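Peer 1: Sequence:
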Amino acid sequence: METLVQTLAVVATMANAVVYGTDVFSAIVQRPALAHVDDAVLTSTMGQIHRFGDRRMPVPGVFGLLATVATAVAAGFGGRVTAAVAAAVAAAALVVWLAVYNKVSAPVNKELTDAALDCRTAPDARGLQRTWDSVINARVVLQAVALGAMCVALVAS
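Residues 1 to 157 in the working numbering are what the sequence shown lists, from first letter to last.
Just so you know, the hints here were simulated from the structure itself, not pulled from any lab data. On a predicted model such as this, the values are computed, not experimentally measured, just so you know. Incorrect hints may appear among the rest.
Unchecked claim - Here are the in silico distance ranges between beta carbons for each label pair: (1) D54 to L4: 29 to 35 Å; (2) N102 to V37: 24 to 30 Å; (3) H36 to C119: 18 to 24 Å; (4) G79 to P32: 19 to 25 Å; (5) T7 to K110: 32 to 38 Å; (6) R126 to T3: 49 to 55 Å; (7) P32 to C119: 45 to 51 Å.
What the hints assert, rightly or not - Distance condition first, Cα-Cα at most 20 Å in a straight line; then the derived SDA-like pairs of lysine to any residue: (8) K103 to R126; (9) K103 to G53; (10) K110 to L34; (11) K103 to D133; (12) K110 to V73; (13) K110 to V89; (14) K110 to G79; (15) K110 to R120; (16) K110 to D133; (17) K110 to I136; (18) K103 to T131; (19) K103 to P58; (20) K110 to R130; (21) K110 to T45.
Note that the Cβ used here is the ideal one computed from N, Cα and C, for glycine as well.
Model the full assembly from the supplied sequences, consistent with the hints where possible.
Peer 2: Structure representation (structure tokens):
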């Protein structure tokens with residue numbers, strides 16, 4: 001059971017690290033860079049980024065969440081209480097991240113993607129980007145909590 005818990009914890013950590021790294025990049029590089037482009041460039045660039053991101057990022061996200069939940073369950077059945085609780089904390093952080101993403105980020109992504117695909121500038125490109133930016137730090141913190149908790153789960157397993 002120990003090997004199973006450790007394997008699941010590693011898979012969860014690696015998959016969630018992909019999302020964490022993407023969010024960190026967005027917070028510390030992409031956000032300030034976009035402040036220096038015009039609305040047409042912002043719409044086109046972010047629309048295309050979201051076009052591909054929204055199709056591809058669910059893969060590591062789903063693997064990460066499923067492996068995190070599986071880690072909690074396997075650790076619980078294996079009597080590894082600390083690992084189970086840590087993985088459960090990670091799973092809760094990921095579920096909150098997903099709720100924030102679906103409520104705030106995804107609708108902005110869709111508007112910018114639709115505008116970019118139609119070769120038009122979003123009417124309120126700056127406002128859309130401000131809305132998206134308003135939750136990126138929270139998303140980073142939630143992913144950091146999940147990764148930290150998974151590290152605890154791994155060590156405790």
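Peer 1: So which of the earlier hints does this model not fit?
Peer 2: 4, 7, 12, 13, 14
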